Amino acid sequence: MSKRLAVVGTATLGVTAAIVLGTAGVASAHVSATATSTAANSYTTTTFSLPHGCDGSPTTKITFEVPKSIIEVTPTVNPNWTITKATAPYTSASAAADDESAEDAGERVTSVTYTAKTPLPADERDTFSLSFSLPDGKAGDLVEFPAVQTCEKGSVDWDQEQKAGQAEPEHPAPSITLTAATATDDDGDPVAATPTAAAAASTTPADPDLVGRFLGLGGLVLGAVALVVAVANTRRRSASK
Numbered sequence: 061m062s063k064r065l066a067v068v069g070t071a072t073l074g075v076t077a078a079i080v081l082g083t084a085g086v087a088s089a090h091v092s093a094t095a096t097s098t099a100a101n102s103y104t105t106t107t108f109s110l111p112h113g114c115d116g117s118p119t120t121k122i123t124f125e126v127p128k129s130i131i132e133v134t135p136t137v138n139p140n141w142t143i144t145k146a147t148a149p150y151t152s153a154s155a156a157a158d159d160e161s162a163e164d165a166g167e168r169v170t171s172v173t174y175t176a177k178t179p180l181p182a183d184e185r186d187t188f189s190l191s192f193s194l195p196d197g198k199a200g201d202l203v204e205f206p207a208v209q210t211c212e213k214g215s216v217d218w219d220q221e222q223k224a225g226q227a228e229p230e231h232p233a234p235s236i237t238l239t240a241a242t243a244t245d246d247d248g249d250p251v252a253a254t255p256t257a258a259a260a261a262s263t264t265p266a267d268p269d270l271v272g273r274f275l276g277l278g279g280l281v282l283g284a285v286a287l288v289v290a291v292a293n294t295r296r297r298s299a300s301k
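All residue numbers in the sequence shown are consecutive under this note's numbering, ending with 301.
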């Protein structure tokens, strides 16, 4: 009986481990995004990780769609891939309010494509970095970059929206979760937090004149004590005679 229980227990542990490892493999198999900064309105460099091919087929190209809230993107060079950017006319809200003509409108980057010089083997990974300014928003907002992975055989659309409180979809779009914006000055540099009154009092050096007065008062007190002691000793000697 004990041997049977041991066998059943070992089998259960094995199945559990397989499920856990399998789940971890699925979770790590997505195209993910890691940003150097996630604060709203901040400048960031985001690295996208491509972990595998398409059902065993080598990857030949990956295209990242740029959300409309982001205007300009600077892709980082990857020596194994060539880079192309697609653009479209863009007129800012402020320019539109000023009745800017279509000829004067600028352009925004709509997508960035990395094309492999040599197909990336299905069992190897690579990374791609894009630099840009994050949009305005509140903490918890998602900035998604839908991607299309093209392989020698087939393709995968990483474009499913991730919704709060719901299970992660099979092919989620790589995304950045915004955090609260950081206060900046006119040059765009972070502004240090204003110290509290208590902190300012603890860090502000004491006035030299005030220190001198306290030291002088302390000297007077010590001198007075010494004088009292001397007088008392004199009286004791006189009384003893």
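If you're looking for bench data, these hints aren't it; they were derived computationally from the structure.
None of these values were measured; they are calculated from a predicted model.
Be careful, since some hints might not be right.
Distance ranges between label pairs, derived from CB positions [stated by the list, open to error]:
{"hint": "1", "residue 1": "Pro-229", "residue 2": "Ser-152", "range": "31 to 37 Å"}
{"hint": "2", "residue 1": "Thr-170", "residue 2": "Ser-109", "range": "19 to 25 Å"}
{"hint": "3", "residue 1": "Asn-101", "residue 2": "Glu-212", "range": "23 to 29 Å"}
Think about it this way: if two alpha-carbon atoms lie no more than 27 Å apart in a straight line, the pair counts; the simulated DSSO-like pairs of lysine-lysine are [what the hints assert, rightly or not]:
{"hint": "4", "residue 1": "Lys-177", "residue 2": "Lys-223"}
{"hint": "5", "residue 1": "Lys-121", "residue 2": "Lys-198"}
{"hint": "6", "residue 1": "Lys-198", "residue 2": "Lys-213"}
{"hint": "7", "residue 1": "Lys-213", "residue 2": "Lys-145"}
{"hint": "8", "residue 1": "Lys-145", "residue 2": "Lys-121"}
{"hint": "9", "residue 1": "Lys-128", "residue 2": "Lys-198"}
{"hint": "10", "residue 1": "Lys-177", "residue 2": "Lys-198"}
{"hint": "11", "residue 1": "Lys-177", "residue 2": "Lys-145"}
{"hint": "12", "residue 1": "Lys-223", "residue 2": "Lys-128"}
{"hint": "13", "residue 1": "Lys-213", "residue 2": "Lys-128"}
All residues carry an ideal CB built from backbone N, CA and C; glycine is no exception.
query = Is Lys-145 within 27 Å of Lys-121, Cα to Cα?
reply = holds (13 Å)
message = Given the hinted pair Lys-198 and Lys-213, is their Cα-Cα distance within 27 Å?
response = violated (41 Å)
ask   = Going straight from one Cα to the other, do Lys-213 and Lys-128 come out at no more than 27 Å?
value = violated (31 Å)
query = Using the C-beta atoms of Asn-101 and Glu-212, is the stated range 23 to 29 Å upheld?
reply = Violated - the Cβ-Cβ distance for Asn-101 and Glu-212, about 41 Å, lies outside 23 to 29 Å.
query = Is the gap between the beta carbons of Thr-170 and Ser-109 within 19 to 25 Å?
reply = Holds, since Thr-170 and Ser-109 (Cβ atoms, about 22 Å apart) stay within the stated range.
ask   = Going straight from one Cα to the other, do Lys-213 and Lys-145 come out at no more than 27 Å?
value = It holds: about 24 Å lies between the C-alpha atoms, which stays within 27 Å.
message = Run the distance test for Lys-121 versus Lys-198: straight-line Cα separation, threshold 27 Å.
response = Not OK: Lys-121 and Lys-198 at ~33 Å, beyond 27 Å, violated.
request  = Take the C-alpha atoms of Lys-128 and Lys-198, compute the straight-line distance between them, and say whether it is at most 27 Å.
outcome  = Between Lys-128 and Lys-198 the Cα gap is close to 17 Å, so the pair holds against 27 Å.
query = Is the Cα-Cα distance between Lys-223 and Lys-128 27 Å or less?
reply = holds (19 Å)
query = Is the Cα-Cα distance between Lys-177 and Lys-198 27 Å or less?
reply = violated (40 Å)
request  = Given the hint that Lys-177 pairs with Lys-223, test it: the Cα-Cα distance must not exceed 27 Å.
outcome  = violated (36 Å)
ask   = When you check the alpha-carbon spacing of Lys-177 and Lys-145, does it fall within 27 Å?
value = holds (17 Å)
Checked against the numbered hints above, the structure violates hints 3, 4, 5, 6, 10, 13; every other hint is satisfied.
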